[in-house]
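> Sequence:
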Amino acid sequence: MSDTIMRTSAPAATVEPALLDQAILGATTSDWLALLKPRVLYLVVYTGAAGLLVAPGPLNPVLAFTAILCIAMAAGAAGAINMWYDRDIDAIMRRTAKRPVPAGRISPSGALSFGVGLSFLSVLLMWLATNVLAAAILALSIAFYVFIYTMWLKRRTPQNIVIGGAAGAFPPIIGWVAVTGHLALLPIVLFALIFIWTPPHFWALSLFASADYEKAGVPMLPVVAGAKATRLAVMRYTLWMVPISLLPYVLHEAGPFYAASALVLGLAFIWYAIGVMRDRQDPTGVSLTRDVPAKAAFKYSILYLFLIFGALVVDHFL
Numbered sequence: 001m002s003d004t005i006m007r008t009s010a011p012a013a014t015v016e017p018a019l020l021d022q023a024i025l026g027a028t029t030s031d032w033l034a035l036l037k038p039r040v041l042y043l044v045v046y047t048g049a050a051g052l053l054v055a056p057g058p059l060n061p062v063l064a065f066t067a068i069l070c071i072a073m074a075a076g077a078a079g080a081i082n083m084w085y086d087r088d089i090d091a092i093m094r095r096t097a098k099r100p101v102p103a104g105r106i107s108p109s110g111a112l113s114f115g116v117g118l119s120f121l122s123v124l125l126m127w128l129a130t131n132v133l134a135a136a137i138l139a140l141s142i143a144f145y146v147f148i149y150t151m152w153l154k155r156r157t158p159q160n161i162v163i164g165g166a167a168g169a170f171p172p173i174i175g176w177v178a179v180t181g182h183l184a185l186l187p188i189v190l191f192a193l194i195f196i197w198t199p200p201h202f203w204a205l206s207l208f209a210s211a212d213y214e215k216a217g218v219p220m221l222p223v224v225a226g227a228k229a230t231r232l233a234v235m236r237y238t239l240w241m242v243p244i245s246l247l248p249y250v251l252h253e254a255g256p257f258y259a260a261s262a263l264v265l266g267l268a269f270i271w272y273a274i275g276v277m278r279d280r281q282d283p284t285g286v287s288l289t290r291d292v293p294a295k296a297a298f299k300y301s302i303l304y305l306f307l308i309f310g311a312l313v314v315d316h317f318l
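Residue numbers (the UniProt record's numbering): 1 to 318.
Think of the hints as simulated: they come from the structure by calculation, not from any bench. Note that the coordinates shown come from a computational prediction; the quantities given were computed from them, not determined experimentally. Where is the CB? At the ideal position from N, CA and C, for every residue including glycine. Fair warning: there could be bad hints in the mix.
[As the list claims (entries may be wrong)] Derived pair list, reagent style DSS-like, types lysine-lysine, alpha-carbon separation capped at 27 Å:
#: 1; residue 1: K215; residue 2: K98
#: 2; residue 1: K37; residue 2: K295
#: 3; residue 1: K98; residue 2: K37
#: 4; residue 1: K154; residue 2: K295
#: 5; residue 1: K37; residue 2: K154
#: 6; residue 1: K215; residue 2: K299
#: 7; residue 1: K98; residue 2: K295
#: 8; residue 1: K98; residue 2: K154
#: 9; residue 1: K37; residue 2: K215
#: 10; residue 1: K37; residue 2: K299
#: 11; residue 1: K228; residue 2: K295
[Claimed, not checked] Label pairs and their calculated CB-CB ranges:
#: 12; residue 1: F120; residue 2: G181; range: 15 to 25 Å
#: 13; residue 1: L251; residue 2: S113; range: 42 to 52 Å
#: 14; residue 1: A136; residue 2: P58; range: 21 to 31 Å
#: 15; residue 1: A184; residue 2: F257; range: 14 to 24 Å
#: 16; residue 1: P256; residue 2: W152; range: 37 to 47 Å
Please work from the sequences and hints to get the whole structure.
Here it is in structure tokens:
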């Protein structure tokens, strides 16, 4: 496959200019909310709030809520810009074809304006409510997701998820810095945990959505290296992730409740990864078991992140 993936024309981009305003005016509230990628937003807000809650020092409840709101706004803004840029491949993939931009319910220019405006507002509000470092890291997270992952890596390399995973790993750092005004060891470890968690999470998804990615010309690992190599990669990253998840305890940043939770959750993740690795697939990459292990691993990976960050917060207050 060519190193550079050519973009195809998006159906949304073919909308007549006279209809663009109509596309915006005809959009519902749910369409604008869909631009924010709410399913991704939940995890981002949750991990950002966890970083804020375990940080030492008090923070006014109103300012704490504002900081979490800013993290949500920034993540949603990056998602909206991503939908604007990826409208061509979103229109091709069955999983994303009904999104507001490729479906023509919101114009590309409307999505871009919405995303850019929300980006600036979130950073400015974070600066005013907390501190300049938190605002700067928030801005960096948006820029990383938009420019590094969406515009550079996603269409060019199967390592898109590995490197691009940093974009989703910033929230615990932002939450921590919003309270303290400085970096520390624990939020950096939490960043590393999400960074290593991201590849097995997305590669499990890509195993049962590989036909979509191949059709759109996106070089996800199953498309470029095949299903077998992807299943092994899921296992490899999971084995790296588990010891990283125990670092907060090893470094005396968390207690035994977190350690026990991380160990149990990590062993369960390994069990799901083994299921993915042992799944039989034919040469075309279509699972003979309809990718049941990959889907199960993908769903568990989401639950894993919720539970391990929840365990960290509970341990902190214990």
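> Does each hint hold? Answer for all of them.
We went through each hint and held it up to the structure:
no.	hint	verdict
1	K215 to K98	16 Å, holds
2	K37 to K295	20 Å, holds
3	K98 to K37	13 Å, holds
4	K154 to K295	22 Å, holds
5	K37 to K154	17 Å, holds
6	K215 to K299	24 Å, holds
7	K98 to K295	21 Å, holds
8	K98 to K154	20 Å, holds
9	K37 to K215	22 Å, holds
10	K37 to K299	17 Å, holds
11	K228 to K295	16 Å, holds
12	F120 to G181: 15 to 25 Å	22 Å, holds
13	L251 to S113: 42 to 52 Å	44 Å, holds
14	A136 to P58: 21 to 31 Å	22 Å, holds
15	A184 to F257: 14 to 24 Å	21 Å, holds
16	P256 to W152: 37 to 47 Å	43 Å, holds
In this structure, every one of the numbered hints holds.
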